[in-house]
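Enquirer: Protein sequences, first through last, are from chains Y and E.
If you want this note's numbering, it's the 1-based position in the first sequence plus 26.
If you want this note's numbering, it's the 1-based position in the second sequence plus 290.
Errors might be hidden in some of the hints.
[Said to hold, decoys possible] Label-pair restraints from in silico Cβ distances:
hint : chain 1 : residue 1 : chain 2 : residue 2 : range
1    : E       : 971       : Y       : 283       : 50 to 56 Å
2    : Y       : 360       : E       : 711       : 44 to 50 Å
3    : E       : 971       : Y       : 159       : 27 to 33 Å
4    : E       : 525       : Y       : 167       : 39 to 45 Å
5    : E       : 971       : Y       : 167       : 22 to 28 Å
6    : E       : 325       : Y       : 150       : 30 to 36 Å
Read the hints as simulated data drawn from the structure, not as lab findings.
Every residue, glycine too, gets a C-beta built ideally from N, C-alpha and C.
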Amino acid sequence: MIRFDYARPADVSEAVRAGSGEHAAFLAGGTNLVDVMKENVARPLQVVDINRLPLTDIEAREDGGLRLGALVTNAATAYDPRVQQRYPLLASAILAGASPQLRNAATNGGNLNQRTRCYYFYDVDTPCNKRNPGEGCGAIGGVNRIHAILGASDQCIATHPSDMCVALAALEAHVQVTGPDGDRAIAFSDYHRLPGDEPWRDNTLRSGELVTAIDLPAENFSTHYTYLKLRDRLSYAFALVSVAVALRLSEDGRIEVARIALGGVAHKPWRVPAAESLLQGEQPGERVFQAAAHAITEGAVGQGQNSFKIELARRAVVRALGQAAAGTPQSQTDKRIA
Amino acid sequence: MTATTKIGIGTSLSRVDGAEKVTGKAKYAAEYNVPGLLYGVTVSARIAKGRITQLEENAARAVPGVVDIVSHLNRPKQAWLDHSWKDELGIPGEPFKAFHDDRILFAGQPIAVVIAETFEAARFAASLVEVAYEEEPHNIDFTASLAEKFTPSYFKRRNTYHPPKKRGDPDTAFANATLKLEAEYHLATEHHNPMEMHASTVEWHGDGSITVYDKIQGSQGDQAYLASAFGLGKKNVRVVNAYVGGGFGSGLRPQWQVQVAVMAAIHLERSVRVVMTRAQMFTHVHRPECTYSIRLGAEHTGKLSAMINDATTSTSRFENNMEDIVVWGMMNYDCPNASGEYTIAPRDTYTSADMRAPGAATGMTLFEIAIDEMAYKAKVDPLEFRLINYSEVDAMNETPFTSKALREAYREGADRFGWEKRSPQPRSMREGRELIGWGVATGMWDAQFSKTAARAVLTADGRLEVASATSDIGTGTYTVMTLVAADTLGLAPEQITARLGDSDLPTAPVEGGSWAAASTGAAVQLACQSIAKRLLKAAEKMEDKPLHGAKSIDDLVFADGAMALKSDPSRRVAITEVMTAAGLDRIEVEETASPGIGGMISMAQKSRNTHSAIFCEVRVDEELNQVRVTRVVSAVAAGRIINPKTARSQILGGVVMGIGMALHEETFADKALGRWMNHNYAEYHVPAHADIEDIDVIFVDEPDPEVTPLGVKGLGEIGIVGTAAAVANAIYHATGKRVRQLPVTIDKLLHP
Ligand SMILES: Cc1cc2nc3c(=O)[nH]c(=O)nc-3n(C[C@H](O)[C@H](O)[C@H](O)COP(=O)(O)OP(=O)(O)OC[C@H]3O[C@@H](n4cnc5c(N)ncnc54)[C@H](O)[C@@H]3O)c2cc1C
Ligand code: SF4
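Kindly produce the complete structure, drawing on both the sequences and the hints.
Expert: Okay, structure coming up:
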């Protein structure tokens, strides 16, 4: 047996204490952590089960936003009436992911921290810098259909697989964390990171830090939004490319604020401020959508098998912008693309 | 009293084993808990080819609970002759023998098994076994392997292989053809992956005998194989496979987990279980990858004048797995000039294997895409094109069919689908941003019959047990046996118990090739008829002669637990009454159904096939190329249908698998590492619910008393054949893009 200590603390500070140290891991829904443990990808010596922590609420925030507890399940979040009415983009993105069974078990904190789906990462008989620093990257020159086209490094071309996080990036959420050095809030765009020379680091959490909540700002883009996900089958597959779009339109129909985040293309949800500002002040239309789609994929590099993602991402951005501007968001049950 | 209340052949009966399955009472190979069971976890080779130079076992052996480690270094004796390792399929070559020596033939090959008191200890210890290798150059890439493709000599061919028979002068005809198509088609490697992973529980009885609970499609073939490979003697091996959680062909041959489990049991003289992991399920059997080049010539009317086929499928370096790829179009279409070439290409993987409709699912499907292309070239409706080239006879073997209701299948399918409303031009049907396409394809499969025995035991309480060593891999054999017995003896299904999946039962072949229903059904019918005859004899001795005048059972009607005169149904007697009157506790008979002399002659003179017409509607997003299969009609001509309900399920499953072949299934190889990479259900895609919408199944009337004793042709495989072509053809009709490589994924439509 792989021996590990198991703790199930009832309060956050105890969890942080137990979770500090190189070989500790927090266990939430377990839909990803248990898998990586079974595959011998991770062998934590201290498993800190956080399911007893009081992080299971969705609460209103003083600034008009919403706070999502780290242990609220993905399903409970997506079906929460406040989320559904005010942050339909988030609800839609969550429901585009995984399966009902998984969403019932998966938590918000776990979703943020899930590992990549790179085939090599999960197969300990193959080289992978993320799993085993310095071993080399099997995916470069290997099977890389699902890999990154943006922000990759010569050490790792993995993507972050989450759908939920793509919406959170567009909504400019904040991640509330607590750790040995106290509490802090991390802007969503700073939470996940690019692989660079340290591909083993998925995000900017410091050792022992625990995600306690995700804060959604007051601005919710509940009229002009969409989450469009393209994948190899119509459900229960990770995104080849996904797009979250949130728009604020002025009374004369011009775009005041545009947010575009891409999923399935990089080590983190991909946003390019320059692409978004191209849309600012413009009337929605094919020409500006195209310009934005090109700008957000600028510098994209294919690895061979995944090169099609560049064109697919552009087309998806254009379509998603159209859906959001028209107020006809993509349904996650009717698989016809709006 | 009338036959109308009778449940029998043609009645839709729910699976008789359904409740057992959904309540978890049905036991599968890994679920037999025998006393003192040990658990084996297999260590897989990291490299694709080479030798094991060192096995470092100390860390693993130090894990508490570990009992032993078995590998090529200490395994029990194995038979030396390859011949002793031949299974029922008899694939020519050197059969794979786990732990035979230090050679590595494919990535994921089993190289040692860690046996422990608990599964957890075994699993952990297995991860601690360190293996050192001497690596050799390897190749998993099919395209590269084509450089070594060959046609096996006569003695090194699979005995099920049918070489294509040339007719006419195809080269000249092609050269002179008005319309020409020359194209290359491809099918990706697919792995079977039934839900139940390959598993074996070997029970060690201590007297030299073992019972093996195995995931296998045929218990007796497995029994003979294990007895011979490990020198156990047939009487010392019993194989039980009462329930099999799906097979698709992956359990036609004994797989390595049973070798490993049996070796561990012999070595330790204890009971051992070995279960493959899902990842290991991706290292053994798979549908061969295929490249198929097709040249078609036609007149401007759409009449085919030449068909030139050339296909290659993948195999391993140690066995020659072969399929019938190029013959289907040659048999199905009326075309005076046709030829076929077929080769196999070896690569460093496990041997490819039969997977649902082997050969046809690949060859017929790809050919049906070519036919579609030619129809467009000729500017003829694709259905009309198939009718123009319709052959009443098996055009390659020049033999008549026992029956062929394909024309009816085309017609009924087209009616149900609404084909006449189709607009001929590609990209001419749309709704909003979705392009709509309608495609058609033909399916064809063998209607086979295999010698099979069955036993029937009727007891005085009116209960009947029918038994045969056949298997039910989810296909509904239990239900078929029950229905045929109910039909013959007029008993209620609740009165009947069907038993199968045990090598101790009467002789039956491996379940595959869609022959089980026809063959087992015939055997059960024979056995039940034998009982009927005995009952009639017994009734004749009854004082009141209730059935007086009946000369044979043909003069009787069996219904509602009674037998009655056909000519005067009021003259009847309950079966239990007959038993009591004759003082019979039980009647036991065993009968064997075999083709017989008449059948053999018919087999030599006539072709026996099932046919189908598949119609499909797809909707493809014009810009993003997302494909939705919104409607499929599969019209099947398969002779007599024993149980419409399970028969429909078989076709539904086949169609779903065909949609997977069209859009999803593909195992990706890492060429540098020589291994399959997407070895789990999250990354190896089969259709999810959202991918499946309307599927309509039609069974066309096809009376065929000649094909098999019951007129049954079998249905396990025909549902998949051609389905992927119907989808691909519909995609072309929708988009105007012809993708010749299956699966048709979004990238191929984006950059055709
Ligand atoms: C077959 C399959 C298909 C899937 N498909 C999709 C999909 O299409 N789209 C998608 O978005 N996702 C998909 N998922 C992923 C799924 O969403 C994640 O597994 C899930 O969100 C993880 O949440 P969890 O609570 O189970 O996390 P766990 O497995 O418990 O933890 C995951 C990681 O997060 C860490 N962690 C958990 N909570 C915290 C916390 N509060 N603070 C700090 N660290 C923490 C853990 O230590 C661990 O490293 C799929 C998963 C599977 C298995
Ligand atoms: S892409 Fe990243 S995760 Fe995948 S093999 Fe390379 S280093 Fe590992």
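Enquirer: Is it true that residue 325/E and residue 150/Y lie within 30 to 36 Å of each other by Cβ?
Expert: holds (35 Å)
Enquirer: Could you say whether the range 44 to 50 Å given as a hint is met by the Cβ separation of residue 360/Y and residue 711/E?
Expert: violated (24 Å)
Enquirer: Evaluate the given range 27 to 33 Å for the C-beta pair formed by residue 971/E and residue 159/Y.
Expert: Holds - the Cβ-Cβ distance for residue 971/E and residue 159/Y, about 29 Å, lies within 27 to 33 Å.
Enquirer: Could you check the hint for me, namely that residue 971/E and residue 167/Y are 22 to 28 Å apart, CB to CB?
Expert: holds (26 Å)
Enquirer: Would you say the C-beta atoms of residue 525/E and residue 167/Y sit inside 39 to 45 Å of each other?
Expert: violated (55 Å)
Enquirer: Please test the hint of 50 to 56 Å on the beta carbon pair from residue 971/E and residue 283/Y.
Expert: violated (41 Å)
Of the numbered hints listed earlier, those contradicted by the structure are 1, 2, 4.
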